[in-house]
Amino acid sequence: MATARTLFEKIWDSHLVDQQPDATALIYIDRHLVHEVTSPQAFEGLRNAGRKVRRPDATLAVPDHNVPTSDRSKGIADETSRIQVETLEKNCREFGVQLFGMNDVRQGIVHVIGPEQGFTLPGTTIVCGDSHTSTHGAFGALAFGIGTSEVEHVLATQTLLQKRPKTMRINVVGDLPVGCTAKDVILAIIGQIGTAGGTGYVVEYAGDVIRGLSMEGRMTICNMSIEAGARAGLIAPDEKTFAYLKGRPMAPKGAAWEAAVSYWKTLPSDEGATYDKEVVLDAAEIEPQVTWGTSPQDVVGVTGRVPDPKAVKDAERRASIERSLQYMGLEPNTPIEEVRIDKVFIGSCTNGRIEDLRVIAGLVKGKKVAQSVEAMIVPGSGLVKHQAEEEGLDVVFKEAGFDWREAGCSMCLGMNPDQLKPGERCASTSNRNFEGRQGKGGRTHLVSPAMAAAAALTGRLADVRKLA
Amino acid sequence: MQAFTTLTGVAAPLPMINVDTDKIIPAKWLKTIKRTGLGVALFESMRYNEDGSEKPDFVLNKEPYRNAEILIAGDNFGCGSSREHAPWALLDFGIRCVIAPSFADIFYNNCFKNGILPIVLPQDEIDALMREAEQAQNPTFTIDLEKKEIVRPTGNAPIHFELDPHSRKCLLEGLDDIGQTLERAAAIGTFEGGQRRDQPWLYREA
Ligand code: SF4
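Sequence order for the protein chains is B and W. So the first sequence is numbered by my numbering: it starts at 24 and just counts up by one. So the second sequence is numbered by my numbering: it starts at 300 and just counts up by one.
Calculated directly from the structure, the hints in this document are not laboratory data. Everything numeric in this text was worked out from a predicted model, so none of it was measured. Be a bit skeptical, because a hint or two may be false.
[Stated by the list, open to error] List time: in silico DSS-like cross-link candidates among lysine-lysine, alpha-carbon distance up to 30 Å:
id, chain 1, residue 1, chain 2, residue 2
1, W, Lys361, B, Lys189
2, B, Lys113, W, Lys333
3, B, Lys189, W, Lys333
4, W, Lys447, B, Lys463
5, W, Lys354, B, Lys444
6, B, Lys33, B, Lys288
7, B, Lys390, B, Lys33
8, B, Lys97, W, Lys333
9, B, Lys421, B, Lys463
10, B, Lys444, B, Lys463
11, B, Lys186, W, Lys354
12, B, Lys263, B, Lys288
13, B, Lys333, W, Lys354
14, W, Lys412, B, Lys33
15, B, Lys463, W, Lys333
16, B, Lys113, W, Lys327
17, W, Lys446, B, Lys186
18, B, Lys421, B, Lys390
19, W, Lys468, B, Lys463
20, B, Lys189, W, Lys446
21, B, Lys113, W, Lys412
[Claimed, not checked] Computed footprint of chain B on chain W; a stretch qualifies when at least three of its residues, placed anywhere within it, have a C-beta under 8 Å from a C-beta of chain B:
id, stretch
22, 320-329
23, 381-391
24, 482-495
Where is the CB? At the ideal position from N, CA and C, for every residue including glycine.
Based on the provided sequences and hints, a complete structural model is requested.
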């Protein structure tokens, strides 16, 4: 019998073009997503060298980081943002790459539209000049972020030079308590293994809890793999995966679909396959998670307290906590549930999908956003927005006092006008709480969509389980 | 890309862990369509006050570190986004070598594409170098990539570092990855032929 292989090994092996004696591998890239921020210099490089895009049919572009999420009829006000988006449009025309422009209903965050269109498929290699490309691993694809030089390399050659990463399996076992979601699971994992815990690894998420998640939940998990240092996260494809993809515009059809599904069914890790590292997390011990600091690993259960640096022995870690608390304007030992917030941001490639919006609508229906809070909802794509409006969710949100906006990255990183002001405190469904991430001096608490809804209604980092 | 053989320059100590790419270069600077000009914004929030004046305590605002070409930092340097603007900003400032106990993967790869050498060393050696960079009269170090050595200002024995042979060769020769890969176009074509046969659904014909 052939040796047992992991899902990662099967994908890796089937994409090896060439292996060099010095251990670098040339691997083939099946799918390349492109956005406006990390591509201009890559296209310029191609142009300067007189090179073409090797596989325009394997490349899909969309502007997302810079686009305004308010009225778009007047275009983009900020000149540098406008130039960057126009540069993407121009490059796509010149190199024959398909683009979903700013006013196309299919426009959205690059990691939302890939799966939505069926461009993301199991067993493929997927890259994008964006670290959250790990999202697509939810479909059993080897998907990871690359820099601009590598974007250029993929455009020109459809391949990448890579060293084979190590493998880690994270088994999430037990029963996920009521009120806890995929976001809480991944935050708890990052809290356990740390922001560098996954560095050098591809992580496969397994176990009953992962199997039980919807595709949206699985994307949330894989999305934040990079926050644990892992470039890629993987979840084995199953019937849920196939059901999600069936009928999507760019997914295979008819006989090709049948052939694809039977291939995809061979992908899950073989019985007895081994990993370089194994981690087990008991879901029963998870409670809704909230970050208190400026790194995603600075996380605690909602019933917990802000940590006390005095209790930390390691000097570097203590200094880093002190610095975080000062930036975040938090006193040691404050109960998390007593922390008041100014803003709520719901959206991003972590939690800007239809399922997230349905959860929030269920919680806020007939209620009101707290007086002191400004809360915005930014759907992950134009199609998510459309779907939500079909279901009447927008009405629920607006009646509750939420600001309902156009699709894009928005306040996840504040490259467009959606930004926190210095000192403002935000409960956010995004993925990074770095200093200045959502606007200079802004203070971010990462939470699940349900917890963000609870924060919006109460004006503080409230426990969603206690919501009346 | 500029080749990297030896580098002699001032090393700035930045004893912080988890220096993320938003700290190295904040998002508002990512709107550029060029690779150059980002040096002024390197470490913006740590380097400047609200009004744009310099924060005197930040290491790169102090002599002789203003002219640093080497940076010594804590664990997990460059975590966060894939933005190559981070190495571009370092390079534009004049930094061509970063020494740390560990780096985030994407940042680490991005360095090589821009002729920046990231060196990984054990924590105790980092601590020793950090002290020398802080205390030496003239904190000038020499990085010798040929010998894989860091020559120290104090006259203490040079520190040896490891680097995989492929990355080292590319840096030493200033090689362009794309040009090299295109020499393997035949192998890529063969791969595509096989894949098109086995998984035709991956090829969207126009
Ligand atoms: S939503 Fe945020 S994390 Fe996702 S791609 Fe946009 S900026 Fe990056």
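Structure-inconsistent hints, enumerated in ascending order: Hints 1, 3, 4, 7, 11 and 19 are the ones this structure does not satisfy, whereas the remaining hints hold.
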